[in-house]
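**Q** Could you put together the complete structure from these sequences and hints?
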Amino acid sequence: MIIIISLLVLLMLVSAIAAFIFKDLISAVIASCLVSLIAAVLFYFLQAPDVAMAEASIGAALITAVFIIAIKRTERYEE
Amino acid sequence: MRKLIGIILLIVVAWGIFTSLQNIPFGVPKSKVGKYYNEQGQEQTGASNIVTSVVVQYRSFDTLGEVTVHFLAAIGLGAVLATLKRKDKREVEKASLILTTGCRFLFPLILLFGAYIFIHGHLTPGGGFQGGAVIASAFLLVYLGCHGRRVNEFGLTLAESLGGLTFIILGLIGLVVGGHYFLSNYLPKGELNMLFSAGVIPIIYIAIGFKVGAELSRIIDRLMEESR
Chain A
234 MIIIISLLVL
244 LMLVSAIAAF
254 IFKDLISAVI
264 ASCLVSLIAA
274 VLFYFLQAPD
284 VAMAEASIGA
294 ALITAVFIIA
304 IKRTERYEE
Chain B
1368 MRKLIGIILL
1378 IVVAWGIFTS
1388 LQNIPFGVPK
1398 SKVGKYYNEQ
1408 GQEQTGASNI
1418 VTSVVVQYRS
1428 FDTLGEVTVH
1438 FLAAIGLGAV
1448 LATLKRKDKR
1458 EVEKASLILT
1468 TGCRFLFPLI
1478 LLFGAYIFIH
1488 GHLTPGGGFQ
1498 GGAVIASAFL
1508 LVYLGCHGRR
1518 VNEFGLTLAE
1528 SLGGLTFIIL
1538 GLIGLVVGGH
1548 YFLSNYLPKG
1558 ELNMLFSAGV
1568 IPIIYIAIGF
1578 KVGAELSRII
1588 DRLMEESR
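Residue numbers (my numbering), protein chains in the order written: chain A, 234 to 312; chain B, 1368 to 1595.
Some hints could be false.
Below, computed lysine-lysine pairings styled on PhoX-like, alpha-carbon distance capped at 25 angstroms [claimed, not checked]:
{"no.": "1", "chain 1": "A", "residue 1": "256", "chain 2": "A", "residue 2": "305"}
{"no.": "2", "chain 1": "B", "residue 1": "1370", "chain 2": "A", "residue 2": "256"}
{"no.": "3", "chain 1": "A", "residue 1": "305", "chain 2": "B", "residue 2": "1461"}
{"no.": "4", "chain 1": "B", "residue 1": "1556", "chain 2": "B", "residue 2": "1402"}
Away from chain B, derived, C-beta distances all over 10 angstroms, residues of chain A [to be verified]:
{"no.": "5", "residue": "242"}
{"no.": "6", "residue": "247"}
{"no.": "7", "residue": "248"}
{"no.": "8", "residue": "249"}
{"no.": "9", "residue": "260"}
{"no.": "10", "residue": "264"}
{"no.": "11", "residue": "267"}
{"no.": "12", "residue": "269"}
{"no.": "13", "residue": "310"}
No wet-lab data here; the hints were simulated from the structure. Think of the CB as a built atom: it goes at the ideal place given N, C-alpha and C, for glycine as much as any other residue.
**A** Written as structure tokens, this is what we have:
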């Protein structure tokens, strides 16, 4: 169990750093979506299924959509 | 130079967080109110999900504020987007048959799941806010997959207003009839772990589910129409 959680936390860290580094903003948004998704799984493992549901539906689905719509109206690449 | 300052700031903040969290034991319940809710919650409210009994009964006034914040956010976004000028419409490539059919197949299933979450809010994890978000994501799927389909504006307004009104009227009735606080539980509590139990909690959560789902769907509708 502790190994799975550590792996998930590591993956979350990697995707958070990737969201920071990527110059393509769509890729950055997908990486931050991955952060939310893993956070939802971690909430479930930590026995907070209520929060996991909210995180998965709002953090991973709706926020990503809002960001992608905003990027579509502005520019896709940084600098 | 800027990077150096950033690194120093990061170290200072990390040190602050570490030293302040060092003395707090991890995973040990310290507050008395949490223990009280865990022990008395089921008996007092009749809901087997303790989180729900806290959100809708013990802290129902906070929930009213939360619902108001949702409402204000939806109104603010609508006001901001209404001032923007509509661009000339671009030609959108037609979606393939597989994508359209898949979306139309999945849409009622996701709606059903959202409704399940908020109707069973007092029995299983989840509740009005989560169920509403799931319903809004079903509408998002339709907006992404089937171009040209829009949600009925009047229906959204109706669901949102009815949800908010139900919440406030039930709360005020509770203030008058049940006791001396907002949304006190005046309906019979019924048997624990049954669908029709816990008095007003399921009704309130269904109202909140409709309201949140309609508001988030409206936000998605405005954004997608603006970006099209």
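**Q** If a hint holds in the structure, say so; if it doesn't, say that too.
**A** To see whether the hints hold, each was checked on the structure:
Under the criterion of a C-alpha separation no larger than 25 angstroms, the hint pairing residue 256/A with residue 305/A is consistent with the structure, at around 15 angstroms. Under the criterion of a C-alpha separation no larger than 25 angstroms, the hint pairing residue 1370/B with residue 256/A is consistent with the structure, at around 19 angstroms. Among the hinted pairs, residue 305/A with residue 1461/B is consistent with the structure: their alpha-carbon atoms are about 18 angstroms apart, no more than 25 angstroms. For a cut-off of 25 angstroms, the pair hint linking residue 1556/B to residue 1402/B stands: about 22 angstroms separates their Cα positions.
For residue 242/A, the shortest C-beta to C-beta distance to chain B comes to about 15 angstroms, beyond the 10 angstroms cut-off, and the non-interface label holds. Distance check on residue 247/A: its Cβ is at least 19 angstroms (rounded) from any Cβ of chain B, clearing the 10 angstroms threshold; non-interface status holds. Consistency note on residue 248/A: stated as away from chain B, and its beta-carbon is indeed over 10 angstroms from all of that chain's, at 20 angstroms minimum. Here residue 249/A stays apart from chain B, with its beta-carbon at least about 14 angstroms from theirs, past the 10 angstroms limit.
Residue 260/A, annotated as away from the interface, keeps every beta carbon of chain B farther than 10 angstroms; the closest lies near 18 angstroms. For residue 264/A, the shortest C-beta to C-beta distance to chain B comes to about 20 angstroms, beyond the 10 angstroms cut-off, and the non-interface label holds. Residue placement check: residue 267/A keeps its beta carbon more than 10 angstroms from all beta carbons of chain B (closest about 17 angstroms). Its beta-carbon lying about 12 angstroms from the closest one in chain B, residue 269/A satisfies the requirement of being farther than 10 angstroms from that chain.
The non-interface label for residue 310/A is consistent with chain B: the shortest C-beta to C-beta separation is roughly 18 angstroms, beyond 10 angstroms.
Consistency with the previously given hints is maintained throughout, with no hint failing.
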